[in-house]
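Asker: If you're matching them up, the sequences are chains A and B in order.
Here the numbering used here is used: the first residue of the first sequence is 99, the next is one more, and so on.
Here the numbering used here is used: the first residue of the second sequence is 5, the next is one more, and so on.
Because the hints were derived from the structure by calculation, they are not lab data.
Careful: at least some of the hints might be erroneous.
[Stated by the list, open to error] Taking lysine-lysine pairs in the DSSO-like style, the calculated list, with each CA pair at most 30 Å apart, reads: (1) 115(A) to 283(B); (2) 283(B) to 294(B); (3) 80(B) to 147(B); (4) 284(B) to 294(B); (5) 147(B) to 79(B); (6) 147(B) to 115(A).
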Amino acid sequence: MNNILLIAGNELRRLFKSPLAWIILAVVQFLIAMFFYLLIQQYAQPANAGQGITAVVVSGMYQIAGVIMLLVSPLLTMRLLTEERRSGTIKLLFSSPLSITELILGKYLGITAFYGLMLVMISLMPAALLFGTPLDLGQITAALIGLILLMSSFAAIGLFISSLTSQPGIAAISTFGVLFILWIINAAGTNSSEGTAAVFAYLSLLTHYNNLLNGVFNSADVVFYCLVSLLFIVLSIWRLDAERSFG
Amino acid sequence: MESEILIEASELSRSYGQQRAVENVSFNVHRGEILGFLGPNGAGKSTTMQIISGIVAANHGSVSIAGHDINDTPKKAKQHIGFLPEQPPLYLDLTVDEYLHFAAKLRGLRGSELSEAVTISKQRCGLEQSGSRLINNLSKGYKQRVGIAQAIVHSPSVIILDEPTSGLDPIQIREIRDLMRELSEDHSVILSTHILSEVQSLCSRVLIINQGNIVLDQSIQNLQGDQNNPDSIIIGLHNPPLPEELLGLDGVMSVENISENTFRVNFEEGIDATQSIIKKAVKQDWGLYKLNPDDNSLELTFMRLTQGDDPSQMTAANLEQDNEDTHNE
Numbered sequence: 099m100n101n102i103l104l105i106a107g108n109e110l111r112r113l114f115k116s117p118l119a120w121i122i123l124a125v126v127q128f129l130i131a132m133f134f135y136l137l138i139q140q141y142a143q144p145a146n147a148g149q150g151i152t153a154v155v156v157s158g159m160y161q162i163a164g165v166i167m168l169l170v171s172p173l174l175t176m177r178l179l180t181e182e183r184r185s186g187t188i189k190l191l192f193s194s195p196l197s198i199t200e201l202i203l204g205k206y207l208g209i210t211a212f213y214g215l216m217l218v219m220i221s222l223m224p225a226a227l228l229f230g231t232p233l234d235l236g237q238i239t240a241a242l243i244g245l246i247l248l249m250s251s252f253a254a255i256g257l258f259i260s261s262l263t264s265q266p267g268i269a270a271i272s273t274f275g276v277l278f279i280l281w282i283i284n285a286a287g288t289n290s291s292e293g294t295a296a297v298f299a300y301l302s303l304l305t306h307y308n309n310l311l312n313g314v315f316n317s318a319d320v321v322f323y324c325l326v327s328l329l330f331i332v333l334s335i336w337r338l339d340a341e342r343s344f345g
Numbered sequence: 005m006e007s008e009i010l011i012e013a014s015e016l017s018r019s020y021g022q023q024r025a026v027e028n029v030s031f032n033v034h035r036g037e038i039l040g041f042l043g044p045n046g047a048g049k050s051t052t053m054q055i056i057s058g059i060v061a062a063n064h065g066s067v068s069i070a071g072h073d074i075n076d077t078p079k080k081a082k083q084h085i086g087f088l089p090e091q092p093p094l095y096l097d098l099t100v101d102e103y104l105h106f107a108a109k110l111r112g113l114r115g116s117e118l119s120e121a122v123t124i125s126k127q128r129c130g131l132e133q134s135g136s137r138l139i140n141n142l143s144k145g146y147k148q149r150v151g152i153a154q155a156i157v158h159s160p161s162v163i164i165l166d167e168p169t170s171g172l173d174p175i176q177i178r179e180i181r182d183l184m185r186e187l188s189e190d191h192s193v194i195l196s197t198h199i200l201s202e203v204q205s206l207c208s209r210v211l212i213i214n215q216g217n218i219v220l221d222q223s224i225q226n227l228q229g230d231q232n233n234p235d236s237i238i239i240g241l242h243n244p245p246l247p248e249e250l251l252g253l254d255g256v257m258s259v260e261n262i263s264e265n266t267f268r269v270n271f272e273e274g275i276d277a278t279q280s281i282i283k284k285a286v287k288q289d290w291g292l293y294k295l296n297p298d299d300n301s302l303e304l305t306f307m308r309l310t311q312g313d314d315p316s317q318m319t320a321a322n323l324e325q326d327n328e329d330t331h332n333e
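Isolated chain B (complex conformation) (with noise of 0.2 Å):
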């Protein structure tokens, strides 16, 4: 079953003088939906991001928060918009209740409903003991947090966050990953990042977008493959054969020497080669100590769309070819 689209971008442009940020950019966000935004620097994150929230306007193309056209009723849609850039737009001469009561107030909340919500909102963010602290005294993390507070204290329906977990400790950036999750439940967050594990254990579609355009936009399963039937392992072995004998096994497309012991070993499409490597390893003591599945294909993906094809690949075709310059020599 479809649920409801929060979040409505058509073909957003936007430039900067000469320099294009965005181009182009169409994209829906569900109801419920973590939708993880990836690039590297300056691929127009952050500008699709506050395009989205209204703080940029964008040249061409329309965004719609929960049916309010952003330029046409932008008092409606930035009702439904809570958004954390990547600097957390905080008042440091403030204590941590004096500004979520004002980001609360600005979301037009009054008298009962505001300090239940900020007390909520301090409650999910872990600020229930720094509400009389002043900002500039907070650590970076807590800082932070006040940041999340303020994006969710109004509860809106679309929830931007622009690298919500930097700065934070481990434990914290777990904190923070089970808060999303909780609010996906009936919000839809759109999040950036640069660690890929946090799509990857967070986000149920991911967007990849490369000088200014997207350059993918698939759901996390799709994107991580049948993990019954893996595209790729990765094996490590103590007495390392040439990789020509691991290529040689049916069903092996191509080894990748990721370093001195440890391979990943692509398969054919369709054919799972895990049990003829692990007979012959033992056959012919190869010393395998590692055998683990191939969770990297999100980072290889994001390789390949924003760098061009990945050149430590080697493939069974340019491996022979590499043998016989090395015979001719």
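Isolated chain A, as found in the complex (with noise of 0.2 Å):
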């Protein structure tokens, strides 16, 4: 556990040390402000009325939060396993008393805790709604259980992804590709049969996002995301300890 704290500490340390990180984090507040503000104009117009501010704004910024977080995370998660093995202080790691799990679990908790940061500063903006109106705060809670879940599945798949490669290009290309697809798998299945429509819905990204976004707390959403993190975390592993074996 010691050790895992350790990596994640370091990689935290690590992101804030590169304008990168300060620049994701900026440039993410700024978007999601700007549609935030966007939300509360429309939810003002009269013809909007009837609807809770909560569906119409809260659920609204945490949507377009998922989208940005799809187009930001690669970029993220592209230098964990890359910048290692370009620097070569992998072999730091590797000649260190420290497994290859405690490894990955240790670059995971790192970036995940990155996430947590910014879902924070995402949700001050709709907390300051707080001030003049009541929310549906058990809304709001599943739609931030939702947000974190997605964001770490997408930290688990680059995570991955960057164990492939030692590019990080490549590996953000890679993963924005691969985030991609599965957010909108959905899309594949309208035309066949109703098992396959319901088979491709479920190993959508977005469909379970959706669900939680509504306020629907399904316990199988919750443990969708839990195995995708799960799988990739996993196959990260496999992926270093072939490398010290074979490659």
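Assemble the dimeric complex from its two separately framed chains, guided by the hints.
Answerer: Dropping the structure here:
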């Protein structure tokens, strides 16, 4: 456990040493604030009378946040292992009393902690609404859980892909491709039979997120994200282990 | 008295795809020993060092560090290893202090023990003034020092250094050599290098590896021979005679032309012909201006083992052959 925290701490520290993390935080905050403002404008239109502010503004904002994270996450995960390889620091880690599982879990924990921070900053905006109006806190909690689960599965997928290459650029674009396919895979089933459509819909990262955004807390959705994260963490461990033995 | 064996490598083999990098390599290193690892580029030095430090797994064979097998109990074994790869494994965006603290924590040091260890290793590598500097802004030599500091911060019993003196200036090289001598008192050190004189001045044992196989494993004393009873000397003559005149002297086995006026004279076994060469040189007015003991035996051995026989060697037999050829023309 100590080792996992050590790796996670080192990861976070180095993230904040690079301008990339700060700029990503700033840009994400700015973009989401813009959408937040537009959503409030939209809510204020007389045509939308009768809809709850939580459904329109808060869920709408988290929906956008999910899409923005889809674009930004590959940039944050691309250097997780590629950079260790390029700079040779992976040799320091491999020659230290540290198991590969601890290394991967530490990396995952580090990047997830960063995502958690982003989430807190984003959530300050809907929290500001609490001064003026009551909100459906249940729905917000479900949406928050959804977003953190979504982001941690992005992190696991990105971590695995960064274990495959030593080029950050390749890791970033491949991660983006994989995330995007998993995002829209439900569209692939629209013209097929009901059973096939259900499978594709189940595989989509988006469908499960939408459920949670609407305040439907279904444990199947939570388990889905946990399984995705677990799968890619295990694959990353295997990949590094194989590199040691066969690479 | 035999001291404790700290590294035990037996029958290591490793291939990358079809490429055999290391084949059936076995050796032991005792406490207090500095083992010099020599070999041409691509001979398998780095691979062997990486296998010993647990970065790469061997296809066959086993490594045990201070009694712990690196595959069965990797955490215990790796606690005793400090490794400096060819390219120092540095996080360029950290400061020297942050980096060394991280490296020490990785090896399980905590609390006051930790800061003490970092201070000592900085002192040993001459980094006292650089603690708060960003590693990225350091010069190559200083980066190398940080790499060494990282390898010794937890005072491991086994220190493995892959070309530790590359990129350092002569003063730093001397400092690092002194440091390694100091470290070897109660640790064992493996170092790979291209610089033969470094091995000669530093190591107690030499391991030459060629095409993945160990071709020589000998203590440096055996290799350098008895300095009081040399096998060969280097002489410089202003008016050099024909080589056969030198060959004609008692006890001279072969003569090698190093440059126009300098020769390496190899003696027959057990005979020191130095005296007779000097007498003859004075008598014949050869203009003897230089007479050096030959400390190139390591270089010769290295060349012979890694490239086959040295072609510039002229022995008495083939010299006669050459002469006959010229007469016949």
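Asker: If a hint holds in the structure, say so; if it does not, say that too.
Answerer: Comparing the hints with the structure gives:
no., hint, verdict
1, 115(A) to 283(B), "violated, 73 Å"
2, 283(B) to 294(B), "holds, 14 Å"
3, 80(B) to 147(B), "holds, 28 Å"
4, 284(B) to 294(B), "holds, 14 Å"
5, 147(B) to 79(B), "holds, 27 Å"
6, 147(B) to 115(A), "holds, 19 Å"
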